[in-house]
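J.: Sequence:
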Amino acid sequence: MICSLAPAQAVLDFVLPNTTATECFNLNPRSDQFFRYTALMMHNYYRKQVARGWAKDKSGYIPPAASMNELAFDCDYLNKTYSLLVDNKCSDSIINTFTDDRAVLFKSFSDITISAVDALQQAISGWYEELSNAVIGDNPTLTSGLNSTIWNVANMIHDKNTKFACNINYCTNVMVACQYDQPFVEVDKAIYEAGPTCSKCAGGKCGVANSFC
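Residue numbers (the numbering used here): 1 to 213.
All clues given are correct.
Taking lysine-lysine and the DSS-like style, the derived pairs with C-alpha atoms no more than 27 Å apart in a straight line are:
1. 205 to 189
2. 48 to 107
3. 56 to 107
4. 89 to 163
5. 205 to 48
Label-pair restraints from in silico Cβ distances:
6. 126 to 95: 20 to 26 Å
7. 34 to 59: 34 to 40 Å
8. 173 to 56: 30 to 36 Å
9. 93 to 203: 39 to 45 Å
10. 193 to 32: 32 to 38 Å
11. 113 to 205: 41 to 47 Å
12. 147 to 100: 18 to 24 Å
13. 173 to 203: 41 to 47 Å
14. 89 to 125: 21 to 27 Å
Please keep in mind that the hints were generated in silico from the structure rather than gathered at the bench. Note that beta-carbon positions come from the ideal geometry of N, C-alpha and C, so glycine has one too.
Please work from the sequences and hints to get the whole structure.
T.: Here it is, written out as structure tokens:
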């Protein structure tokens, strides 16, 4: 008996469900399903570490988050972020036409042979590793002293974010950018509210392995 193979898209839709935005109209073939899946899984993995109190800074474990939102991948942000990277020629210039004052993080690579997924992974993990160079303390606030040290990770783990997208462009350098639905965290404002995991979630909701509102 010869088994017929499922169409490639059907396989992708099974492995990468709709929450990974496999159905996005996408201006950039480099940010394919696997790229988007990687962005989504890495962001929510790191946010879960914070939500559960498993993340560490320079001094040890940082407080858990009382109301950490799970991120969804946004198709509109996907294409706006790519258009931004095309328009700004792979620089870290923010153009409000594509961002509307939303937070955008950038990471540039000089090696133009790097794959899109490798660049994305290095960008996201590099932002998260900023935690290891700082002391957050019991009050997770972006103080003026911490601003230059944890700028990227503070916005990546901002508890009020609910959706985002990442994209990439290849110029004389390679630039990864991730755009979030909330503005940049302001200096002396909370990165997230500390407290028992999910304790401040609306209606007592606590999903995804008891980590996210």
